[in-house]
Structures are given as structure tokens and as C-alpha cells.
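K.L.:
When you get a sec, could you build the whole thing from the sequences and use the hints?
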Amino acid sequence: MTTIRALPPGSAVLRLDGLQQLIAALAVRGYEIVGPVERDGAILYDRIASTADLPAGRTDRQEPGSYRLEPRADGALFAYAVGPHSWKRYLHRPNETLFKSRRVGEELVFDPPAGPPPRTAFLGVRPCELVAIFVQDRVLMEGHYVNTGYKARREATFLVVVNCGSPAATCFCTSMHTGPRATGGFDIALTELLADGRQEFLAEPGTDGGAALLAYLPTRPATEADWQAALAVTAQAVASIGRRMPPGNEIKAALQSNPEHARWDDVARRCLACANCTLVCPTCFCTTVEDRSDLDGQGAARVRRWDSCFTRDFSYVHGGAVRTQTRSRFRQWMTHKLAHWWDQFGTSGCVGCGRCIAWCPAGIDITVEAAAFTEGQNHGIT
Amino acid sequence: MDPYVPLPYRVLATRKDTPDVVTLDLAPVGDSIPEPQPGQFTMLYVFGVGEAPISVSGAPVDGNPLVQTVRAVGAVSNAITRLRPGQEIGVRGPYGTAWPVESATGHDILFVAGGLGLAPLRPAIRHVLSNRDRYGRVSLLYGTRGPEDMLYRDELAEWRRMLDVEIEVTVDHADRTWRGTVGVVTKLIPRADFDPERTTAMVCGPEVMMRFSVLALQVAGLPFERTFLSLERAMKCGLGLCGRCQFGAHFVCQEGAVISYDRIAHIFTVREI
Ligand SMILES: Cc1cc2nc3c(=O)[nH]c(=O)nc-3n(C[C@H](O)[C@H](O)[C@H](O)COP(=O)(O)OP(=O)(O)OC[C@H]3O[C@@H](n4cnc5c(N)ncnc54)[C@H](O)[C@@H]3O)c2cc1C
Ligand code: SF4
Ligand code: SF4
Ligand code: FES
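Top line first, the protein sequences correspond to chains A and B. If you read the first sequence in this note's numbering, its first letter stands for residue 1, the second for the next number, and so on. If you read the second sequence in this note's numbering, its first letter stands for residue 1, the second for the next number, and so on.
For the record, the hints were derived by calculation from the structure and aren't laboratory data. None of these values were measured; they are calculated from a predicted model. All residues carry an ideal CB built from backbone N, CA and C; glycine is no exception. Incorrect hints may have been included.
What the hints assert, rightly or not - Residues from chain B shown here face chain A by an in silico Cβ test under 10 Å; the list is partial:
1) Val5
2) Val46
3) Gly180
4) Phe212
To be verified - Dumping the calculated EDC-like pairs for lysine to aspartate or glutamate here, alpha-carbon to alpha-carbon at most 16 Å:
5) Lys100(A) - Glu290(A)
6) Lys100(A) - Asp291(A)
7) Lys16(B) - Glu148(B)
8) Lys252(A) - Glu375(A)
9) Lys100(A) - Asp2(B)
10) Lys151(A) - Glu148(B)
Said to hold, decoys possible - Here are the in silico distance ranges between beta carbons for each label pair:
11) Asp154(B) - Gly319(A): 25 to 33 Å
12) Pro28(B) - Asp40(A): 48 to 56 Å
13) Gly319(A) - Val270(B): 12 to 20 Å
14) His144(A) - Val61(B): 20 to 28 Å
15) Glu225(B) - Arg39(A): 30 to 38 Å
16) Gln218(B) - Glu107(A): 46 to 54 Å
17) Gly184(A) - Arg15(B): 42 to 50 Å
18) Arg191(B) - Gly319(A): 26 to 34 Å
19) Arg305(A) - Gly180(B): 43 to 51 Å
P.N.:
Here you go:
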């Protein structure tokens, strides 16, 4: 990731009341605001109305197979990484009606899906998550055919990034070049400045809309010292990230040439095929479709919902599933993410958010599994 | 328009090809789908039941209807085969790649069909036969379980009457009336008359049948780039959006179903890929 060295033009500093006004200003402009909230012992993404809804003084402790919230002495609002939710639940919805159909005599009538979606502002998008949104953009709205519901929602989205100050032990954005500081593609990016007892936010505009909104808020222009403080937050975050994914080209080659590697058998003995990894992953996009009929038999609906390559149904063709074993389903998941995705979409399907590591009940770590394939392949790169 | 929303089509006629296979003639109620190329498929939607990918077995050109041939195996396909003339069905598409009928110009053509695999090949066969002078020797090798499972009998008889086409039909299990060959269709490949230096093969049938066909074609000296298969994978969209049809790095609904063997040879025999 290229680090921006100079203070981005138009940057400003907000205090807590400024952040509150940012939320209020978005609401006035007709946005529903979704941000991090503490619920059921985790940070989730849900509707928020004010800064009071944000998880103050909380941090997360994540390890393979575990996620736990802990208190922090300061009132930091964004001192955690990512939880089990990702923004995909608001863009690529878990359930979505594709169309309704009606029977009028022998005639079939199709009613297309609902009208334009509400405008939604995401507050607290992490840099890796921003990249995940771009990855899903590639898949769902930049190919030959478009997921029109996704596109409509995406175009009605305002993105407020919060750069990371407290990565979790499961994070590996640095080796995926996706964080911990966002360099573009957002409307506004915030960095929470907490050193020396202060609580302020450096705000960088990324779009005209972001700049216009900032201009409307009570702020002061950012100084070089503020900028250095923000860069220090990033430097500290970078230093705290210990996990690392091997280089993308190495993994791609290793996975695509080793569909019968012994490691697939090894991981299959640990994997429960529970599909948690695909559900928490911000880039996994696979879906199935269900048909629902009205009780009177005159109306029906087709509903698309999230699916996972870990289910047996996923590969079902008449006569049976293609991938009957956990081994072949795990192989599909990891090979797709880390290898085929490059061929299909020109990027990795992994952004290094670490969710699949923390939410795997067996503690399977995608960076360790990937390294098992690249180690001993010796490409002369360390 | 949302690409998931079908267009209403009316069933004009149905023909029972075999006890569990029905061919439907369809016509648009209003707007029609773009003209399908040989080898492409549509998604057929039955009200309240669901959708299934079904190959086009006859293109709606020159006043002809859209023709699709369906074997009843599960909920959706059973519902399709039970439709009566006058009823309506949802159609979207066409999707996927086409048989290489253009790039095969000047070549000997070898069609190898197993069972229902004759349905997706039918538009390519008809194209080749109606442009007969543009191709070299033309052979169709067709295998079915038994004589009663043969599709398009009348048309096969018509094709047989054409002198410049070699038609070989074989059955796995013969009854007393059967006068033809018995055995798997791949056994016919070594006996077929084609010049491997200038032949395009188009193969469609169950996956095991295609595996053996590819081997037999390889032995006969046909290069992988001129061996074309039509793959079957789970499909929930046909649009490259649901992820279900992935086969290695390929989305079968986009880069297939028709694909040249050189692009998949490295994974075609990997189990459960
Ligand atoms: C490109 C392409 C072209 C095709 N062309 C033709 C053609 O020309 N003619 C033709 O007849 N067929 C064709 N097929 C096959 C056809 O699409 C299937 O036979 C059809 O989808 C079966 O649907 P169904 O609902 O009748 O049956 P089912 O096989 O029962 O299932 C449909 C879906 O229901 C679910 N399901 C049902 N039962 C189970 C179970 N036991 N376990 C798990 N999941 C289950 C699965 O998700 C499955 O995808 C083609 C397939 C493809 C991919
Ligand atoms: S594969 Fe795991 S680490 Fe990578 S983006 Fe998905 S959930 Fe995050
Ligand atoms: S195939 Fe599996 S890994 Fe790939 S996007 Fe679909 S669910 Fe995710
Ligand atoms: S059928 Fe949905 S991606 Fe191919």
C-alpha cells in the first residue's frame, strides 16, 4: 500500500460533537445510518442515531476460534477491528426478492423487484472492508450481468471509513495491501486521535460529497501535527500486525497446481464444514434461490439468499452433489478465494480481515493453510 | 431490466420423445429473448416451482418456435414435462457459449452424443447439415440406454437418408427389434471416418461418457483444442453472479457450457473439483 506522506487537502479535525453533527447531517440529507454497535458480546453493524450508540471504551481480542470484547480505560469509539458482521449484509442482502409472479388464467405475469433503496451511510468502514466492497463491486456490478439490487444500493451508499488503530491478532491487511489506512474510494475517512488524552478525529474528504459535508460541520483545519498524529496511529497499527499471508502469485500457483496435496486431507479432518467462514467473509458472494408460493396458489416469489460452498446442496446436480467430501469443499473455498479469484476478477478474494479465522469453531487459519502450500515450493522469495 | 426476471412464453406443442423426455415448442407472449446460438441454454421457470438450466434444442428462426427438450428428473423438470399447450412458462437467456460451428468451417465434423446430450447438439447438427458444403466429412455417433430412449426418431431417420452424413446409433441394452450396434458410444469413435488433422469434435453427454470420449479422441489423434464438450454443473443464475457453477477457475454458465478440452484438461479428471 502506498502511504500518503502529505496532509491531504481539505482535511479537518472534528471533536466528538463534530462526529455527532456528521451523523445528524447525514440523517438530514435522508441517509439511514449504519454503524458499529455492541450487541450479544460482539461489535455488529446496525442502525445508529447518535454517537451514544457507538461502542465506547471497547476493544476486541481475537484469536483463531475466538472473539471477545474487553473494556478499555479511555472512551475510544473505534478501538476494535471487525466483528462477525460485514457491510455485505447491507449491500448484498442475505435475502432478496428477485421478482414476484402471478397467475392470471393461463397467463404468467412477472412483477420486478421493489423500487429504489433508501440512501444509506456506513459509518466505521474499515480499510480492508472498503476493499471488500470494491471486490464485491467487481463481482456483482462490473461484469457482463449486473445484480441490480446490489448496484442500486451501492449507488445510494455514503462511505465513512475509520482507519484502524487497534488491529486484532487475526488481522493481516498489511500483507494483503488493504490496510490499516485507506488511501481512496471513500467519501470521508476518519482517524481517531487518542494520544495524550485527546479524542479527536482527523477527517479526510475523498469525494466532492464528502468535502461538502465536512465543510458544513464544526471543524478546524487539520495541521501538519494532526497529520503526523494520524500517521503515527497507522504506524503503530502496522507494527502490531503479526499475521501474514504469503504473496498472492505464489499462493495462486501453489494452490492451482496442487488439487491433490496432502494438506487438503489434513485440513478436512479439522474442518466442520459449518460454513461460518463464508458467512462472515465480506467478499463471499455465492447465492441460491428459493421459490415461495402464496397460499391461494395464484402468487409466487423467487428469493435469492446467501449460500455457501461448504453445503452439500451447493454443487448438487441431478444424481448427487459434485463435492461430497469436506476436503473438496474446503479446497473449493480456499482455492477460489486465493487463486481462481485472480483469474476471474483480477484481485484476490481475500482482504485480510481475519473474520474466518476468529469465527472458525476449529480455529482454522487461512494464512497458515496457505503457507502450508507455498512452503517448500521455494520460489526464491522470502 | 433485472436479468433475473424471465419473459413469459406460451407452450405451443409438446411431444413425448421417450417415457421421461418431453420436447416443448415455445413462443413468446410479448418480447422474446435474443436469438440463441447452437449450444446455448436458457433458464426455464415454472410458476411457483423453480428454475432449471435447459439447452436450446431448436432456435426460434425462420418462423420456427423455440424448442427445448427436458428429461423429468426432479421437481422443476417434472413440472416442465407436465406443461400442456396454452400454458405459460418463464424464459430468460440465452446464456453460455456456442458450439464452434463457424470456426469449424472446412473441417470434418464429429458429433458424439450420449443420451440427452443429443438435445444440445441438435442445433449444431442442423446448422452443419443445412450448410453441408461448408464442411468436410460429417459423422454423428449417438448412444442411448435402449432403443426406446432414442430422441428425435423422425429427424434421425431423415438425417440417415442424407447420403453425405454418417450416422451411427448404438444402445447399451438391445431388445429383439434392434438391428443396430450394441455397446457404448465411445467404441464407435475409432471406426468413424475423419481426418484428425482437420476435424472438430463436439461431444455432449454424461460426464463419464465425455471422459471416455476424450480419451478415444486423443487416441485417434485429435488435438484438445478441437475437442469441445458441454459441461453440466449446478446453476442458480446463468449470469455469473451466483457462483454455483464454478469448475476450477471457470464459471460454466459464462465460459461454458461448451468449452474446448485444452482449457479444462488439467482438472477434468480431478475428483470432486
Ligand atoms: C448448461 C446445462 C444445460 C442443460 N440442458 C438440459 C436439457 O437440455 N435438458 C434436460 O432435461 N436437462 C438439462 N440440464 C439438466 C437440468 O438442468 C437438470 O436436470 C435440472 O436442473 C434438474 O432440476 P429439477 O428441479 O428437476 O431436479 P433436481 O435435480 O431434483 O434438483 C434441482 C435443485 O434442487 C435441489 N435439490 C433437489 N433435490 C436435492 C437433493 N436430493 N439434495 C440436494 N439438493 C437437491 C438442488 O439445489 C438442485 O439444484 C442442463 C443442465 C445444464 C447445467
Ligand atoms: S477469507 Fe477470511 S480473512 Fe480473507 S476476507 Fe474472507 S473472512 Fe476475511
Ligand atoms: S465459492 Fe465459496 S469461497 Fe467462493 S465466493 Fe462462493 S462461498 Fe465464497
Ligand atoms: S450459474 Fe450462477 S454463476 Fe454460473
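K.L.:
All hints, please: hold or fail.
P.N.:
Comparing the hints with the structure gives:
1. Checking valine 5(B) against chain A: minimum C-beta separation of about 5 Å stays under 10 Å; hint holds.
2. The interface hint given for valine 46(B) holds, since its Cβ lies 9 Å from the closest Cβ of chain A, which is under the 10 Å cut-off.
3. The interface hint given for glycine 180(B) is broken, as the beta carbon of that residue sits about 27 Å from the closest beta carbon of chain A, more than 10 Å.
4. With its C-beta approaching chain A no nearer than about 18 Å, phenylalanine 212(B) sits outside the 10 Å limit, and its interface hint is violated.
5. With a C-alpha separation of about 12 Å, the suggested pair lysine 100(A) and glutamate 290(A) falls inside the 16 Å cut-off, and the hint holds.
6. Only pairs whose Cα atoms come within 16 Å are accepted, and lysine 100(A) paired with aspartate 291(A) is accepted, the gap being roughly 10 Å.
7. A hinted pair counts as satisfied when its Cα atoms are at most 16 Å apart, and lysine 16(B) with glutamate 148(B) qualifies at roughly 12 Å.
8. Between lysine 252(A) and glutamate 375(A) the CA atoms are separated by roughly 13 Å; this keeps the pair inside 16 Å, and the hint holds.
9. A hinted pair counts as satisfied when its Cα atoms are at most 16 Å apart, and lysine 100(A) with aspartate 2(B) qualifies at roughly 12 Å.
10. Restraint check for lysine 151(A) and glutamate 148(B): not satisfied, since their Cα atoms lie roughly 50 Å apart, outside the 16 Å limit.
11. The supplied range of 25 to 33 Å is met by aspartate 154(B) and glycine 319(A), whose beta-carbon atoms lie about 29 Å from each other.
12. Under the hint 48 to 56 Å, the C-beta atoms of proline 28(B) and aspartate 40(A), about 51 Å apart, fit the expected range.
13. Separation of glycine 319(A) from valine 270(B) is about 19 Å and conforms to the stated range, judged on CB atoms against 12 to 20 Å.
14. Range check, histidine 144(A) to valine 61(B): about 24 Å between beta-carbon atoms, so the 20 to 28 Å window is met.
15. Checked against the hint of 30 to 38 Å, the C-beta distance between glutamate 225(B) and arginine 39(A) comes to roughly 56 Å, which is inconsistent with it.
16. Checked against the given bound of 46 to 54 Å, the beta carbons of glutamine 218(B) and glutamate 107(A), roughly 52 Å apart, stay inside it.
17. With their beta carbons about 60 Å apart, glycine 184(A) and arginine 15(B) fall outside the hinted range of 42 to 50 Å.
18. Checked against the hint of 26 to 34 Å, the pair arginine 191(B) and glycine 319(A) passes, with Cβ atoms roughly 30 Å apart.
19. Here the CB-CB span from arginine 305(A) to glycine 180(B) is close to 49 Å, well matched to the stated 43 to 51 Å.
When held up to the earlier numbered hints, the structure conflicts with 3, 4, 10, 15, 17 and fits the remainder.
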